[in-house]
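There are 8 protein chains.
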Amino acid sequence: MTLKIYLSGEIHTDWREQIIEGAQALDVTFNSPVTDHGASDDCGVAILGAEPDKYWHDRKGAQINAIRTRKGIEGADVVVVRFGEQYKQWNAAFDAGYAAALGKSLIILHGAEHDHPLKEVDAAALAVAREPRQVVEILRYVLNGTLPG
Amino acid sequence: MTLKIYLSGEIHTDWREQIIEGAQALDVTFNSPVTDHGASDDCGVAILGAEPDKYWHDRKGAQINAIRTRKGIEGADVVVVRFGEQYKQWNAAFDAGYAAALGKSLIILHGAEHDHPLKEVDAAALAVAREPRQVVEILRYVLNGTLPG
Amino acid sequence: MTLKIYLSGEIHTDWREQIIEGAQALDVTFNSPVTDHGASDDCGVAILGAEPDKYWHDRKGAQINAIRTRKGIEGADVVVVRFGEQYKQWNAAFDAGYAAALGKSLIILHGAEHDHPLKEVDAAALAVAREPRQVVEILRYVLNGTLPG
Amino acid sequence: MTLKIYLSGEIHTDWREQIIEGAQALDVTFNSPVTDHGASDDCGVAILGAEPDKYWHDRKGAQINAIRTRKGIEGADVVVVRFGEQYKQWNAAFDAGYAAALGKSLIILHGAEHDHPLKEVDAAALAVAREPRQVVEILRYVLNGTLPG
Amino acid sequence: MTLKIYLSGEIHTDWREQIIEGAQALDVTFNSPVTDHGASDDCGVAILGAEPDKYWHDRKGAQINAIRTRKGIEGADVVVVRFGEQYKQWNAAFDAGYAAALGKSLIILHGAEHDHPLKEVDAAALAVAREPRQVVEILRYVLNGTLPG
Amino acid sequence: MTLKIYLSGEIHTDWREQIIEGAQALDVTFNSPVTDHGASDDCGVAILGAEPDKYWHDRKGAQINAIRTRKGIEGADVVVVRFGEQYKQWNAAFDAGYAAALGKSLIILHGAEHDHPLKEVDAAALAVAREPRQVVEILRYVLNGTLPG
Amino acid sequence: MTLKIYLSGEIHTDWREQIIEGAQALDVTFNSPVTDHGASDDCGVAILGAEPDKYWHDRKGAQINAIRTRKGIEGADVVVVRFGEQYKQWNAAFDAGYAAALGKSLIILHGAEHDHPLKEVDAAALAVAREPRQVVEILRYVLNGTLPG
Amino acid sequence: MTLKIYLSGEIHTDWREQIIEGAQALDVTFNSPVTDHGASDDCGVAILGAEPDKYWHDRKGAQINAIRTRKGIEGADVVVVRFGEQYKQWNAAFDAGYAAALGKSLIILHGAEHDHPLKEVDAAALAVAREPRQVVEILRYVLNGTLPG
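Protein chains in written order, with the numbering used here: chain A, 1 to 149; chain B, 1001 to 1149; chain C, 2001 to 2149; chain D, 3001 to 3149; chain E, 4001 to 4149; chain F, 5001 to 5149; chain G, 6001 to 6149; chain H, 7001 to 7149.
Be aware that a few hints might be false.
Said to hold, decoys possible - Below, in silico cross-link-like pairs of lysine-lysine (DSS-like), each with a Cα-Cα straight-line distance of 30 angstroms or less:
no.: 1; chain 1: D; residue 1: K3054; chain 2: D; residue 2: K3088
no.: 2; chain 1: H; residue 1: K7088; chain 2: G; residue 2: K6004
no.: 3; chain 1: G; residue 1: K6004; chain 2: G; residue 2: K6088
no.: 4; chain 1: H; residue 1: K7088; chain 2: H; residue 2: K7004
no.: 5; chain 1: C; residue 1: K2088; chain 2: C; residue 2: K2054
no.: 6; chain 1: C; residue 1: K2088; chain 2: B; residue 2: K1004
no.: 7; chain 1: C; residue 1: K2054; chain 2: D; residue 2: K3054
no.: 8; chain 1: B; residue 1: K1054; chain 2: D; residue 2: K3054
no.: 9; chain 1: H; residue 1: K7004; chain 2: A; residue 2: K4
no.: 10; chain 1: E; residue 1: K4088; chain 2: B; residue 2: K1004
no.: 11; chain 1: D; residue 1: K3004; chain 2: A; residue 2: K4
no.: 12; chain 1: G; residue 1: K6004; chain 2: G; residue 2: K6054
no.: 13; chain 1: A; residue 1: K4; chain 2: A; residue 2: K88
no.: 14; chain 1: F; residue 1: K5088; chain 2: E; residue 2: K4004
no.: 15; chain 1: C; residue 1: K2054; chain 2: G; residue 2: K6054
no.: 16; chain 1: F; residue 1: K5004; chain 2: H; residue 2: K7004
no.: 17; chain 1: G; residue 1: K6054; chain 2: A; residue 2: K4
no.: 18; chain 1: A; residue 1: K88; chain 2: A; residue 2: K54
no.: 19; chain 1: C; residue 1: K2004; chain 2: C; residue 2: K2088
no.: 20; chain 1: B; residue 1: K1088; chain 2: A; residue 2: K54
Said to hold, decoys possible - Simulated coverage check for chain D against chain C, where a stretch passes if three residues somewhere in it have a Cβ under 8 angstroms from a Cβ of chain C:
no.: 21; region: 3006-3020
no.: 22; region: 3097-3104
Read the hints as simulated data drawn from the structure, not as lab findings. Every residue gets a Cβ at the ideal spot worked out from N, C-alpha and C, and that includes glycine.
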């Protein structure tokens, strides 16, 4: 059994690297959005031509990013969504809703300070973790049946 | 043709009432989440018993609210999601993602100050409106083919 | 909004009647399996002819009952499954799994003594109630937003 | 043609080993739940933190186990569900219902003493076997067209 | 609960009338193919223009009939397929396969002399009846829980 | 049986009126796109604000029109697509492809001069008609089994 | 591009071998039912135990065969169904209907003498061939774009 | 992550070759229709026998081509549709609609002169490109996160 994992959400800390490194020995594959913030914002106009209006500048980029995001979520067995301490992160919550409607197994990763505003998102998840290490432990248990410690 | 509309998101202003009132002459039906904030937060423990841990207090409530939310979104032709000026509003973005994955027609309603953080959500929508009045005008045009003014 | 409810499971107490009576003022419809135990066991052979082997006697009946059960579950918004104190009740758990795979909102109704053996079923549900009265209160809140008391 | 098999249900006898060993020469792959009872019960709290309330202790574990179970059932061509002589085994019946709703080919494995309480589950199956050996023989016939003896 | 029934198959005896008449007191609706053999054969060319080649004559008609057949089967809860004593009746078996793949509840109606050639079709059905009267009795039991006699 | 019909394509002749009038006695309902060419082109900017770039002017309008088109096609039993003598009519062919992928019954209406360029579209249809009258005759036959003349 | 082909229907001539041999150079895989008539009829009782009643003898076998048939059809890109000169062959027509409802590409293979009784089946197909050689030529063209001769 | 691409539409310029060559270093696979115009037009009669009526000549060919087209589109992650300067190209628009209804990521490739007639098609796409080079740049960015230049 190979588990296909999509890592959605926050791009300002190294949580993805922690999970990928921690899961090196496991039968998993990872996908994620483009995490280069500048490239992600500008991909639309860089490829398809400049837009004077920032709104359409953003639209062009967001739609190209959606090609990757949808492929990643639709092909995943497990979608991990990380909410960090900053920013609105509405695209993370959008991805969680998208994955939930497709029946994907959701793991949400966030600090306790966000428990209340994330309660609807957490309620759709099969696990709520605080640390990337716990996500790795879940994947190891799901694949191999072994618990930490 | 009757359009079934689900009104998701912000609960602190009267945008739902504006849309419902404006659409009185149209062949539409409306659903929405429970907008009584206190009831929405406490429904789980009020019905199923108190929880000492706020986390499970929230979980119980969020899951009961999900019965209504999923019924409303899955039965809708058009899902309107309003982002206001305050709070995280991750459940609004979650609903938008959920509706998008089900192929629902999405209308997003928000001020220009949120254009950038909402760009992925807007990119999945068929219309982005600034005012409740515009949502009514879209519904009127979609149903009757008549434009404002 | 009308909620369509399917009441699955235990047939030896009056929990269905309690829920239906309690929900009289609500915009709900109810379906349930045939609860006449004798008719349910014998419907196959009574209509399609006797079988000397009890195994096929049971099969003929179970398949006719499945016409009703599948129609009821597939047409429901909410599936309530009651586990009582006696019998194996594997058909109740089967209905819960069937409903879960279809994405129905599940409410499970059982006493605390069954918490552990029902943990996988409960984990797929949006609410776990102890009393029929609580199911009515959930339906009332989901439809009208009003809490008990 | 490779057949993907999910082996659900009873964890106290060696029926899985018998099937896997018997099918060594066949083009099949097997998945199953974590069959270490203690790990399965405690995985939630071991990874995500202790819960004072046994109910939430169980919930956390059951939801993590669901990541594996759903992956296994959804990816399977054939779901074999074994009912043993002890315990409620409601999760086995839940898995059978889940698999049936997804249109999976079901093989149910149980002794004759459970024929009547399992009649609804059996009626959704394509085969009801008494012995693990028979499951192997079905798989061999389905793949190679060869009968025993 | 209203059951929507599609009556497929043999058009040379009055089995449809027997079922419809027998079910007058029940909450059911019936659909069926056009049973005027001549109109069914010639509808394509009568409306869309003559074809010199009988093969395309038949094709044009069969495709128009498919508009009605697919609507009827896709909208049905229960599909009853009658095999009579004459003709190839491949369209009846095709309808049965079509309905089975959509997960419809199938009732097959035929004499014992066809048991062996219909074994694959019967194996996909929830009931195999010999007489139209038995189909009525199944519908009455499924709707009302009452058995004959 | 009520047939829900969506009338897609050419908006410069009165073919829709001919069909609707001809079908007055039939159990059918009709939907269609907004056929006021000017309103259809300008609805986006009229409601959501002007765009200096014609490309985005068109996009805003096309997306609002899609709310109506998708609702109409997804809710239809039969989609009739008319290709006229002028213009590219790529939206008509797009609607036909959209409807085909959803398994809708397609009737294509066009003159013989377009037989070759429409061969892929026609090959996905259940009928190809030359005159609106023939569409009415198909609907009458499908509903009532009566042929013209 | 690999095409997965399921070869359904008649088992008394060597049409499958002709197609498989003719397609040796193509990027295709083939599946088919068990074509050993005796094994196919008796697999149920040979594995799961004798039945005194021929009806249940047949049922047990037909259901085990269905494990293979459904896997084969559901995994196929193209389903070829051959109707021969003898027998009822209702299972062939059933497979064709099953495949059609799943949206599989259907090729029907039969002599001209069956054109009329197979008209509904043919009308659901993308090709009707007379000779196994033609099926090979279709597969070669679909894969490589090369025509015979 | 491998992206599966289907290249639909215009067959008179070398745009497919430009994209395939440009994407040599990327983890992509390509499918497309048969682009030999003569073979595509005549495949039906060349394999299945001549037709005196050009209409059925075309139908036979279009249906065989549909086996390839549907396999290609249904198996794709991204469908690129090119509209050239000549011909009706209704099959290109049909493919775009078909892909849109299946939720595929659409990239439309055309000159600015077709912006207005293609506005409904473009509105269903995630990107509208002018040059094959831009399609390659989109694929490279989606796979590797690298922008041109």
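These are the hints, each one checked on the structure:
Proximity of D/K3054 to D/K3088 is assessed by CA-CA distance (about 18 angstroms); at most 30 angstroms being required, the pair is judged to hold. Distance check on the hinted pair: H/K7088 and G/K6004 sit about 33 angstroms apart at the alpha-carbon level, beyond 30 angstroms; violated. In summary, the hint linking G/K6004 to G/K6088 is supported, as the alpha carbons are separated by about 27 angstroms, within the 30 angstroms threshold. Between H/K7088 and H/K7004, the direct Cα distance comes to roughly 27 angstroms. Compliance with the 30 angstroms bound is thereby established for this hinted pair.
Using a Cα cut-off of 30 angstroms, the hinted pair C/K2088 and C/K2054 holds, with the two alpha carbons roughly 19 angstroms apart. Our distance criterion of 30 angstroms between C-alpha atoms is broken by C/K2088 and B/K1004, whose separation comes to about 43 angstroms. Distance hint between C/K2054 and D/K3054 is unfulfilled; the C-alpha atoms sit about 42 angstroms from each other, more than 30 angstroms. Proposed proximity of B/K1054 and D/K3054 is supported: the alpha carbons are some 16 angstroms apart, at most 30 angstroms.
Distance check on the hinted pair: H/K7004 and A/K4 sit about 17 angstroms apart at the alpha-carbon level, within 30 angstroms; holds. The straight-line distance between the Cα atoms of E/K4088 and B/K1004 is roughly 47 angstroms, outside the 30 angstroms bound, and the hint therefore fails. For the suggested pair D/K3004 and A/K4, the alpha carbons sit about 17 angstroms apart, so the restraint of at most 30 angstroms is met. Between G/K6004 and G/K6054 the alpha-carbon distance is near 35 angstroms, which puts this suggested pair outside the 30 angstroms criterion.
Between A/K4 and A/K88 the alpha-carbon distance is near 27 angstroms, which keeps this suggested pair within the 30 angstroms criterion. Restraint check: the Cα-Cα separation between F/K5088 and E/K4004 comes to about 43 angstroms, which exceeds 30 angstroms; the hinted pair is violated. Straight-line distance between C-alpha atoms of C/K2054 and G/K6054 comes to about 16 angstroms, which keeps the hinted pair within the 30 angstroms bound. Among the hinted pairs, F/K5004 with H/K7004 is inconsistent with the structure: their alpha-carbon atoms are about 36 angstroms apart, more than 30 angstroms.
Distance hint between G/K6054 and A/K4 is unfulfilled; the C-alpha atoms sit about 48 angstroms from each other, more than 30 angstroms. A threshold of 30 angstroms between alpha carbons decides the hint, and for A/K88 with A/K54 the separation of about 19 angstroms falls inside it, so the pair holds. Distance restraint check for C/K2004 and C/K2088: the Cα-Cα separation of roughly 27 angstroms lies within the 30 angstroms cut-off, and the hinted pair is therefore satisfied. Distance check on the hinted pair: B/K1088 and A/K54 sit about 23 angstroms apart at the alpha-carbon level, within 30 angstroms; holds.
Check result for the region 3006-3020 of chain D against chain C: violated, 0 residues qualifying (beta carbon to beta carbon below 8 angstroms, three or more required). With a cut-off of 8 angstroms between beta carbons, the region 3097-3104 of chain D has 6 residues touching chain C; three or more are needed, and the interface restraint holds.
The structure fails hints 2, 6, 7, 10, 12, 14, 16, 17 and 21 (numbered hints given earlier, in ascending order).
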